[in-house]
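Once you've looked at the hints, dock chain B against the given chain A.
Going down the list, the protein sequences come from chains A and B. Per the working numbering, the very first residue in the first sequence carries number 1; after that it's consecutive. Per the working numbering, the very first residue in the second sequence carries number 115; after that it's consecutive.
FYI, nobody ran anything at the bench for these hints, they're computed from the structure. The C-beta atom is built at its ideal place from N, Cα and C for all residues, glycine as well. Hints are supplied without guarantee of correctness; some may be wrong.
Once the Cα atoms are required to be at most 16 Å apart in a straight line, the calculated EDC-like pairs of lysine to aspartate or glutamate come out as [stated by the list, open to error]:
| # | chain 1 | residue 1 | chain 2 | residue 2 |
| --- | --- | --- | --- | --- |
| 1 | A | 71 | A | 52 |
| 2 | B | 119 | A | 44 |
| 3 | B | 185 | B | 167 |
| 4 | A | 102 | B | 145 |
With beta-carbon atoms standing in for the labels, derived distance ranges [unchecked claim]:
| # | chain 1 | residue 1 | chain 2 | residue 2 | range |
| --- | --- | --- | --- | --- | --- |
| 5 | B | 136 | A | 39 | 21 to 27 Å |
| 6 | B | 129 | A | 62 | 45 to 51 Å |
| 7 | B | 184 | A | 27 | 38 to 44 Å |
| 8 | B | 142 | A | 64 | 33 to 39 Å |
| 9 | A | 114 | B | 129 | 39 to 45 Å |
| 10 | A | 78 | B | 179 | 38 to 44 Å |
| 11 | A | 80 | B | 129 | 44 to 50 Å |
| 12 | A | 96 | B | 192 | 28 to 34 Å |
| 13 | B | 155 | A | 61 | 24 to 30 Å |
| 14 | B | 169 | A | 14 | 49 to 55 Å |
| 15 | A | 17 | B | 130 | 49 to 55 Å |
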Amino acid sequence: EAGVVQSPRYKIIEKKQPVAFWCNPISGHNTLYWYRQNLGQGPELLIRYENEEAVDDSQLPKDRFSAERLKGVDSTLKIQPAELGDSAVYLCASSFLTGERKAFFGQGTRLTVV
Amino acid sequence: QQQVKQSPQSLIVQKGGIPIINCAYENTAFDYFPWYQQFPGKGPALLIAIRPDVSEKKEGRFTISFNKSAKQFSLHIMDSQPGDSATYFCAAGRGNQFYFGTGTSLTVIP
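This is chain B alone, in the form it adopts within the complex:
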């Protein structure tokens, strides 16, 4: 049973574009929603995280939008750069128990 559904599977954007990755969850008990970035051959690295009491969080060029009623959240990357090309995973959980999405492979074309 997939606790977190992520889309799209892959995404190609031009430099400067704003890729958007979407995730949906079912368990209303989840209270922590992080996003991870993973480069080939590396472990996932925490990018940004949000709690359900806010609808948006920005850190640098990365923004999470959160819709509690729809049980959806998304990652926006502003002014995307070729160095942002990586796989992005959303996750959701409660306490120290997390479930990951299936990942989105992002390619930013120079």
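Okay, chain A solo, but in the shape it has when bound:
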């Protein structure tokens, strides 16, 4: 069974440029998470979807970050414009909505803003 798939694996952009990350969750998983992981830190939740609905986006910097999960399957996270402080690994995870709440992570996208 395929795991959580993220692309691209690496991205280097200049500040003020836009960037987008894509995530395809495990088939059947209703819940999708986007996390940001700074170097030497634990993942911090940016947004959580239950099916198509964003149910927790309190930590998403809405002035520059946006996300969508059309059709309740794959998702895109966008940053526009990017700032130097956005350099981090962006992780996508998915889980079932009920029952077992095991969250499975993708390999992440390492973003470097120069």
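Below, chain B without anything else, positioned relative to chain A:
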């Protein structure tokens, strides 16, 4: 506000030793406490998880000890191996909302 506090930040043990990583939480509504293992360049992978109605759970060489009254839980790795060298994160949450600790970098020396 750090929902989950994790210690130590780093740990070095000899092969065969039993590293112990500790976490503490404040929110008594939390009802799910997973541990994740992360290798460089990889996403975190679920290792083992516990619910607050039990005090201990074992899976292979990994054991979680849970103290509900103290709001603390810990990970023990029995007979540690060099392949266990990784960063370990505890997490705590309720429903599908989780908060992660800051991670412990474990090095197992052959």
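Next item on the list: Please flag the earlier hints that this structure goes against, numbers listed from lowest up.
Entry: none
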